[in-house]
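**Student:** Okay, here's what each chain looks like letter by letter:
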Amino acid sequence: MTNPPARSLPASLRATPMLNRWLGVSGEGHIVLTPGKVEIGQGILTVLVQLCADELDVNPHRVRLQPAGTEHSPNEGVTSGSLSVQDCGMSVRHVAAQTRQVFLAEAARQLGVSVDELSVEDGIICGPGNLSTSYWELAPQIDLARPVDPEVAPKAVESRRLTGRSLPRVDVAGKAFGTRPYIHDIVLPDMLHGRVLRAPRPGAKLAALGEFDCTGTRLVRDGSFVGVICESEAAADAALRRLEAAASWAGGYDMPDAHDLAGWLKRQPAETSLVAERNASDPEPLVSLRRSYFKPYLAHASIAPSCAIAQWSDETLHVISHTQGIFNLRSDLAIVFGTAEEKISVQHAESAGCYGHNGADDVALDAALLARAVPGNPVRVRWSRADELAASPLGAAMTIDVGAQVSAAGDIQYWHHEIWSNGYVARPGRGDTPALLAAFDLAQPFPLYIAQDPPLAGGGGAQRNAVPLYDFPSWRIVKHRLLTMPLRTSSIRALGAFGNIFAIESFLDELATELDQDPLALRLRYLADERARAVLQRVATMADWGKAAIPDGHGRGLAFARYKNSSAYCAVVAEVDVNEEPRARRLWIAVDVGETINPDGVINQIEGGAIQATSWSLKEQVAYDEEGVTSRSWESYPILRFSEVPAVSVEIIDRPELPAVGAGEAAQGPVAAALANAIYNALGVRVRKLPLTRDHIIEAME
Amino acid sequence: MSDTSPQNRARESHMLIVNGQSYAFDDASQANLLDLLRNRLGLMASRFGCGEGLCGACRVLVDGQPMPACDTPLWSIAGRAVTTVEGLGTAAQPHPIQTALIAEQAMQCGYCISGIIVSAAALLQKNADPDEAEVRAALDDNLCRCGAHNRIVRAVMRAAAAIRSANEMP
Ligand code: FES
Ligand code: FES
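Chains as they are written, first to last, in the numbering used here: chain A, 1 to 702; chain B, 703 to 872.
Check the hints yourself; a few may be wrong.
[Stated by the list, open to error] Distance condition first, Cα-Cα at most 25 Å in a straight line; then the derived SDA-like pairs of lysine to any residue:
hint, chain 1, residue 1, chain 2, residue 2
1, A, 619, B, 836
2, B, 828, B, 721
3, A, 155, A, 540
4, A, 619, B, 839
5, B, 828, A, 117
6, A, 619, B, 834
7, A, 266, A, 452
8, A, 619, B, 835
9, A, 155, A, 126
10, A, 619, B, 838
11, A, 266, A, 289
12, A, 343, A, 376
13, A, 619, B, 828
14, B, 828, A, 643
15, A, 547, A, 566
16, A, 266, A, 631
17, A, 619, B, 721
18, B, 828, B, 856
19, A, 547, A, 514
20, A, 619, B, 754
21, A, 619, A, 376
22, A, 266, A, 702
Keep in mind that the hints were calculated from the coordinates and are not lab data.
Computed from a predicted structure; not experimentally measured.
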């Protein structure tokens, strides 16, 4: 049995190589993990427990997790991009493997035997005869303040015992009994409650504040940032209503054209960049077919409104937040308050799923600004439902044109993909100025932070998954990133991959029709990658593709992508019912995430992502008029309900020998395209505009 | 708290029973039920999601009927019995729905789950053998953003079966 060669260390571990920043061993029989990634409903904590317990050979219940905090956790950047398993998980695997080795070396020394003669059973280290000691016994004598050694390899695949199995999640029982606290449930001594009044229209300034009954209320104003602090939530809610009635606003950004958003995107000032090209000639080859696809602004629409607690004492600020990036939030807060980062600590607490960059960071600045007026008192701020839907950053709207040149023999010779979109990343901690909402409203305002896109090598933003995975001989991919941003945009699950895959996979279906080919056969023809072929073939088997009898008024569609072209492979077959408003009836999904650490966790993520993507694709679009966002409640921003949810079956192609990658975002794009392709299959109508509503079907027929 | 003191009897119309215990509230109280539960009684399982009666995260049983606590003024439910998730089951004595949710790992973030437990408990109270469509209909006013719907439906069916088989035991 040979150990796999020590691979290069994960990024998180290279950045923070000291073992004791990740893990501690207590004399009382526990392993304490202090990861920098955070739980956002994706189940990462359970994966970490599995990986750690497996390497150390301890029972999983011995592994305790400390919530991430800037004071003690490694800086792992942002919990996003399906990288938790890749970065944090693999770091923990290496750290645990090395910790085991350090302990075994010491045990061997003390017992006077060689390491090879030792075995570990739930933390008890046994040697020949009756010789034994334990992690817990040795813990006080061992200093883990030492850097990780890249030469120490984790266990070989065949010796893993806990990974690859569906361990129950560590947080599920507490949630079922309602006892595991969310940030909204944290009560601190002398805690006060704050609310902030948001401008109805983005960019509007507070023109006047009329008479306002201040009884039991502390009013806090800094330019156009205005809020209240009260002793109870009920009083703060009432004070906010009085404040709203007293405030008048002026100005604001010009909203996008609500009747032609797709065209408006193309008319904005933009930064144009070449995303990728392959053997593309100049001038551009003529395309024989060109189509334009559209995706609207989407809301993250977390079930819990964003919330934060802040407390100032002696010029230091302590913040409790459900941010995805504790260190990033800290650096933006330091800029806003003109203070050193060391004077600020950010502690993570759980909230509901966020699905990207929602109001989590913004509300933390709100709380810090309010709390500054009452030094010593923690102030908890919770947004309203309306602000969660309308004031949080949105997923950017996109117009995507795709074209192809097809030879007389029916070969795709050139592929063109062009995107008009706002950037997909306006997270804090990335720029010289803050990206937090209230910072733009202060008396000394910071400039509006215009959303950017990281380069493709860093995952990309609007251009994520714009480069086809198919082996076309030549292509050119171009992006126009808008330099205006009347509606604030930032990361939403899958970023630009959702729109780009919708466009690519819809267009391939259109080509299949043009060329009179089966959509599956056309895809396989241009895919050499065996893992890609395998998920497509698997999903075809699952759905009995091309053979199953399809009821009247139903249709089936297929789509595929490899997330980020470097992460999970996912193929989807969708069945829709178009007898009334289009409905998804069934989704079959095959996925390959490399090594599967927790199969049920992967299925849960894929299934959840697919259902959310069904909701985005069939129902969702942020509505607005000249006065700002009008979809401010669950009535005006409906999401998929229980009775509308399709049956979902997921199969995993496990590859224990390959690196594990995340599953959270892999299904988003393929689901959208599979649904559009299914509608075409049912009706012969190509809908290129999301959401795939009856209205858009009728529009497409005209 | 005893509900037989003269003082409390005089204010009988301003009483509420929460998970079997009586509470008096102020006649003039404008407060809603969710605020009472979370901020005065420390019963945090009922969640704030929208405050508009539209998401179901705050659902509780009032005399066995699911109601949005965020949208229910105290005066409107005087004298009635409120049951929250804490009253339905605990780790020591779980409700069959809670047991089934854990068995099916039927959630992601779990923020929606309290309200869903309440809706499902009300359903199983009046229909011990629901089909899948009936379960979905009963949960249609509970929003889940994580897409845990199908697992949740399976869990409710599993709980129904568990309750039926427990009832059939001699
Ligand atoms: S919080 Fe009561 S229904 Fe949403
Ligand atoms: S599990 Fe997150 S909202 Fe339902």
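**Student:** If a hint holds in the structure, say so; if it doesn't, say that too.
**Tutor:** We went through each hint and held it up to the structure:
1. 619(A) to 836(B): OK: residue 619(A) and residue 836(B) at ~23 Å, within 25 Å.
2. 828(B) to 721(B): holds (20 Å)
3. 155(A) to 540(A): violated (35 Å)
4. 619(A) to 839(B): With Cα atoms ~19 Å apart, residue 619(A) and residue 839(B) stay inside 25 Å; holds.
5. 828(B) to 117(A): violated (63 Å)
6. 619(A) to 834(B): Distance of about 23 Å is within 25 Å: holds.
7. 266(A) to 452(A): holds (17 Å)
8. 619(A) to 835(B): Judged against 25 Å, a Cα distance of about 21 Å means the pair holds.
9. 155(A) to 126(A): Roughly 18 Å separates the two Cα atoms, so the pair holds.
10. 619(A) to 838(B): Cα-Cα ~18 Å, so holds.
11. 266(A) to 289(A): holds (20 Å)
12. 343(A) to 376(A): holds (15 Å)
13. 619(A) to 828(B): Outside the cut-off at roughly 32 Å; violated.
14. 828(B) to 643(A): holds (20 Å)
15. 547(A) to 566(A): violated (32 Å)
16. 266(A) to 631(A): holds (24 Å)
17. 619(A) to 721(B): violated (38 Å)
18. 828(B) to 856(B): Holds, at about 18 Å.
19. 547(A) to 514(A): holds (21 Å)
20. 619(A) to 754(B): holds (21 Å)
21. 619(A) to 376(A): violated (46 Å)
22. 266(A) to 702(A): Given that 25 Å is the threshold and the Cα spacing comes to 23 Å, the pair holds.
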